[in-house]
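The whole structure should be built from the sequences, with the hints applied where relevant.
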Amino acid sequence: MSEAPLLEVRDLAVGFESGGTVARAVDGVSFRVARGKTLGIVGESGCGKSVTAFSIMRLLPQPHGKILGGQILFEGKDLVQASEAELHRVRGGRIGMVFQEPLSALNPVQTIGRQVTEALLLHKPLTKEAAWAEAITLLDKVGIPSPEVRIKEYPHQLSGGMRQRVVIAMALSCNPSLLIADEPTTALDVTIQAQILELMLSLQRDLGMAIVLITHDLGVIAQVCDEAVVMYAGQVAEYGSVEALFHRPAHPYTRGLLASIPRLTTPRKSRLPTIEGAVPGLNEMPAGCRYQNRCPYAEARCAVAPPPLETVAEGHAVSCFRWRELPEFKPVTPASA
Amino acid sequence: MSSPAPILEVRDLKTHFPVRGGIWLRSVATCKAVDGVSFQLLPGETLGLVGESGCGKSTLGKSIVRLLSPTAGSIRFEGVDLATLGRKKLKPIRRHLQMIFQDPAESLNARHTVGQILEEPFIIHGIGSAEERRASVDTLLDKVGLPRAAAHRYPFEFSGGQRQRIGIARALALQPRLIICDEPVSALDVSIQSQVLNLLLDLQREFHLSYLFITHNLAVVKHVSDRIAVMYLGRIVELSDAEELYARPRHPYTRALIAAIPEPEPSATRTRFIATGDLPSPINPPPGCPFHPRCPHATELCKREAPPLRETSSATSPSHAVACHYDLLPAAIPSPLGAPR
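If you're matching them up, the sequences are chains X and U in order.
Each residue of the first sequence is one higher than the last, beginning at 1 in the working numbering.
Each residue of the second sequence is one higher than the last, beginning at 1 in the working numbering.
Hints are computed from structural coordinates only; laboratory data are not their basis.
On a predicted model such as this, the values are computed, not experimentally measured, just so you know.
Do not take every clue at face value.
Stated by the list, open to error - Far from chain U, by Cβ distances over 10 Å, these chain X residues were calculated: (1) Ala13; (2) Pro61; (3) Gln62; (4) Gly65; (5) Glu118; (6) Thr137; (7) Leu203; (8) Asp206; (9) Ala300; (10) Pro306; (11) Phe329.
To be verified - Pairwise CB distance ranges, derived in the manner of DEER restraints: (12) Gly36/X x Pro18/U: 51 to 61 Å; (13) Asp206/X x Leu301/U: 30 to 40 Å; (14) Gln62/X x Glu300/U: 54 to 64 Å; (15) Asp202/U x Pro280/X: 24 to 34 Å; (16) Ala313/X x Val19/U: 58 to 68 Å; (17) Thr137/X x Arg26/U: 35 to 45 Å; (18) Gly145/U x Ser18/X: 26 to 36 Å.
Think of the CB as a built atom: it goes at the ideal place given N, C-alpha and C, for glycine as much as any other residue.
Here it is, written out as structure tokens:
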């Protein structure tokens, strides 16, 4: 941990204004991403994972979204304080972004070629012809068959998986050091999801970029990420290596999530463990731990003050008063014998 | 076999849609969304129907409850063929045959209170007095784990998981014998998903319901199903006992699907057999076996002839049907579950 991380988010707080009140969607989130590594951010809808990603790019919906505090240090520069001109260089240049729904990320009335070359022409001193040639190379790199034909087509002529490949090609066009992928495979079928995840990993090996992968799917986290942040109600519940989170989860929420997913090894038609109740609304967050109303281990002090993030082991931290007292975690037997 | 009479027997069902084009919107092509599907469903049984988008699984579900009209084939529900039945004759049968939809926000009337939504099936079928209907609504809310006060509130006041419970309560209202569940948990977060799956399993035990459970999630379908049918481009390519399907998948497509499941276990060995290419369109399906352009084992025969769904009985499994020309050895591609224990 001696080397400075590529991205360090410190105590980030993001709010949305509506009718005079500010709803804090993200409240005190910190994490680091090392060069060339993949960090997953996992959580359920409304936990603030996408808002965190959009904040890094300073792409919060305006005028309601505001960064209320904290720092986003990327390659040594604080993006929270950065000017619009500096942000222009970073977005699509040093940081590439892939969104959930490729059809809405692409312009329906422009050809693939025009959209891929746009980022190239914006960030690199290239002629139109050179940019076009580079776009074809990029499309080839992301596994689009006959790129010189496809480049002249429109988004609606491509399948969902192919569209997502185009979005990835655009994100990679300027050799970013960081790729932010917000639910990149959620809209895709399983066999296509496997293709896209494999593509992202092989591109990462070739280009050495870091990835922040936002997803609700713990399976994707386990298969793709080095480290992960588990978010709950706008805060970090736990972070650590994927190995630590799946085999030695310290937060009751992480444990609850892991237990409630049906797996291929779960006895068929058995009752699944559940997390009772629901996430509190943004404007009705309790004092103290935000998970207290659903937590089987909650006690009086959990309602008084929020638990601090405590170190469990090197690189593994949890925000729970009682993590030391939880019963031993029984890992699910690994699939392969 | 001396098994009980099936509650539902679908035979060679086809649902085709005309694709209209040109300025006169003439039919220019046919989308064969469901193209010759046959299966049986026993009382109290869950048949999982799994496949990727566009494979026709939802069209099949909607054709069975006659929200869509099938083009050909028969749907025998408790001995009566629904495929050709007119509206009047269909109505009394509909109460035994209900559907739960993926998005409860879209399938519940936003302008009705939950009480009105749940009362409506009784009104439509002329069951009970107003007093009795209200009592039934209370019972239904109890059954799905919602407070009785919910009857006076509107769908938007509820979370996704609670709305799905309302959808389930509505389906249960008339004590159906068969429920078609079309992606009932796909829109829900994992912690809520397990609550709803438990509820569906409890209700099945209590009321001896049969489910046709449509989903794209292979882990969910294994959890709830007794038998599973895998669909690809409007056809069933494999149909077998649930455990058997995952232990010894025979169709290359089933193997690709199972291998593509991201397992929530970092040490899981990734035996990646990734199906290359995209799903072909059901408007212009490839000739021969619909999977052949993506299949690593495809031969000339596969390009020419579509394989029928044939029974491959073995000592371990009495019933395992697969639509593949070849008997692929189980060892050809290792299952991600490892060697059978």
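Does the Cβ distance between Gln62/X and Glu300/U fall inside 54 to 64 Å? holds (59 Å)
A range of 26 to 36 Å was offered for this pair. Does it hold for the Cβ distance of Gly145/U and Ser18/X? This hint holds: roughly 32 Å between Cβ atoms.
Tell me if the beta carbons of Asp202/U and Pro280/X are separated by a distance inside 24 to 34 Å. holds (27 Å)
Is the Cβ of Gly65/X more than 10 Å away from each Cβ in chain U? Nearest chain U Cβ is 23 Å from Gly65/X, so the label holds.
Against chain U, does Thr137/X keep a CB gap of more than 10 Å to every residue? It holds; Thr137/X is separated from chain U by about 21 Å at its closest Cβ, greater than 10 Å.
Any Cβ of chain U at or closer than 10 Å to Pro61/X, or is the non-interface label fine? The claim holds: Pro61/X sits with its nearest Cβ about 21 Å from chain U, beyond 10 Å.
Looking only at beta-carbon atoms, does the pair Asp206/X, Leu301/U fall within the given range of 30 to 40 Å? holds (39 Å)
Could you say whether the range 51 to 61 Å given as a hint is met by the Cβ separation of Gly36/X and Pro18/U? This hint holds: roughly 53 Å between Cβ atoms.
Can we confirm that no CB of chain U comes within 10 Å of the CB of Glu118/X? The claim holds: Glu118/X sits with its nearest Cβ about 26 Å from chain U, beyond 10 Å.
For Thr137/X and Arg26/U, compare the CB-CB distance with the range 35 to 45 Å and indicate the outcome. holds (43 Å)
Can you let me know if the beta-carbon spacing of Ala313/X and Val19/U is within 58 to 68 Å? holds (59 Å)
Pro306/X non-interfacial with respect to chain U [C-beta, more than 10 Å]: Pro306/X is indeed farther than 10 Å from all Cβ atoms of chain U, at 21 Å.
Violation of the numbered hints given earlier is absent; every hint is satisfied by the structure.
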